[in-house]
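Whole structure, please, built from the sequences with the hints as guidance.
Protein sequence lines, in the order shown, are assigned to chains A and B. Going by this note's numbering, 299 is the number at position 189 of the first sequence; the sequence numbering is gapless. Going by this note's numbering, 70 is the number at position 64 of the second sequence; the sequence numbering is gapless.
Simulated pairs of lysine-lysine, BS3-like, Cα-Cα distance not exceeding 27 Å:
id: 1; chain 1: B; residue 1: Lys46; chain 2: A; residue 2: Lys242
id: 2; chain 1: B; residue 1: Lys124; chain 2: A; residue 2: Lys242
id: 3; chain 1: B; residue 1: Lys122; chain 2: A; residue 2: Lys242
Rough simulated footprint, nothing fancy, chain A against chain B, three-plus residues with beta-carbon under 8 Å:
id: 4; stretch: 71 to 80
id: 5; stretch: 149 to 157
None of these hints come from the bench; they were simulated from the model. Everything numeric in this text was worked out from a predicted model, so none of it was measured. Cβ coordinates follow ideal geometry from the N, Cα and C atoms, glycine included.
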Amino acid sequence: MGTEISVKEYVVRLGDDALILGHRLSEWCRNAPFLEEDLALSNVALDFIGRARMFYTYAAELSGQDVTEDTFAYQRDCRDFKNHLIHELPRGDFAFTMVRQYFVDVYSLAFMTSLLESSDSRLAAIAGKAIKESEYHLRRSEEWMMRLGESTQESHRRLQSAVDELWRFTGELFDQDSPERELVSNGVAVDTRALEAEWNQTITATMSKISIEIPKDELQVTGGREGKHTEFLGFLLSELQFLQRAYPGLEW
Amino acid sequence: MSMMSIVEQIPLTNAENIERENRRSNSSCLELWSVLDQVKDPEIPVITIWELGVLQNVTRSGDHVTVTITPTYSGCPAMEVIKEDILAALSSAGINDVVVNTQLAPAWTTDWLSSKAKASLKEFGIATINSDNTIVCPQCGCNKIKQISEFGSTSCKALYQCLECHEAFDLFKSH
Chain A
111 MGTEISVKEY
121 VVRLGDDALI
131 LGHRLSEWCR
141 NAPFLEEDLA
151 LSNVALDFIG
161 RARMFYTYAA
171 ELSGQDVTED
181 TFAYQRDCRD
191 FKNHLIHELP
201 RGDFAFTMVR
211 QYFVDVYSLA
221 FMTSLLESSD
231 SRLAAIAGKA
241 IKESEYHLRR
251 SEEWMMRLGE
261 STQESHRRLQ
271 SAVDELWRFT
281 GELFDQDSPE
291 RELVSNGVAV
301 DTRALEAEWN
311 QTITATMSKI
321 SIEIPKDELQ
331 VTGGREGKHT
341 EFLGFLLSEL
351 QFLQRAYPGL
361 EW
Chain B
7 MSMMSIVEQI
17 PLTNAENIER
27 ENRRSNSSCL
37 ELWSVLDQVK
47 DPEIPVITIW
57 ELGVLQNVTR
67 SGDHVTVTIT
77 PTYSGCPAME
87 VIKEDILAAL
97 SSAGINDVVV
107 NTQLAPAWTT
117 DWLSSKAKAS
127 LKEFGIATIN
137 SDNTIVCPQC
147 GCNKIKQISE
157 FGSTSCKALY
167 QCLECHEAFD
177 LFKSH
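What follows is the structure in structure tokens.
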């Protein structure tokens, strides 16, 4: 008893992953290196925010009462958010953003493919929409790995340093706590442990093509699913939630 | 030309779309579907939500009307405007007891675009991908084109340029 999480909590976790990454990507709007990239990053941000809305809307329906999608986005504090830490890290330079995106896109595509088989039909339906977008995202982020990896010494150096910095946050993607494992055995949740080997293989193959080294025996940072975050999430939320904190209940 | 390659050239008819068309033609409230033919995509005001494949179902029970739509892209802000436009169109026809439901599955696909919609898009300057996977410039019809950006001004479009007439144009992405 007490170790189980409800389907609702699982759905909120998935919504948190999407919202926090979507917000980080949206920070590139008007800051990207050139116009086409500005459009691309903003579009990908929109896809993730849209994904968050689908998850939160479902969670709100499961909650009943006066809960809406906005309740999850705007009325919770750091400890209530259960996103994987990789999503909340500051956007860094362009290489950092694209390496994170590539890691997440490879993961998302495998994750959504698996979620299509969920015994929960609503989750399967959400996966059906998200998977198409992930295919598109991955095509682009993979291409950026090649371009940055093969362009100049400087782009290669930045790519390597982004991989070095991000690697320690990738293990968490596959590290499910026991409450989530319960939902795996029900056929609701995705068994992320089963995705790890293929993810590693894909990333290693790409990185070896562009002579980027994968860090070895790196300590892995975890805690997101328990609500234990990096210092960066609070700053992100203070911006994301500013209006609702300053003017509670404000509507357009 | 072998039989097989001819068969491959015939565009696949989408089963889900046939169901959608049947729902409309067998509907007991055809006039409501017609009212909703006024509702266009706010970003592409030359195609209706029916032609776009967004409008899935309209049912009436007594005075109560339920409209079911399928979102195109997860984060597409046009969906909110489309919902408002549906309510406004029905309201101007005197129908005010309306609920608009969003249905995720089956997931929307560009395969549901009618050929009329594709022609309207082309006329409007937006290319679509042909059944043989080619893309031609909507201005001059040339097939020498290059991609400028995989993402364009809205979620559903990518940015291309014609190498013949040099015009930049939007491509309605395959989804």
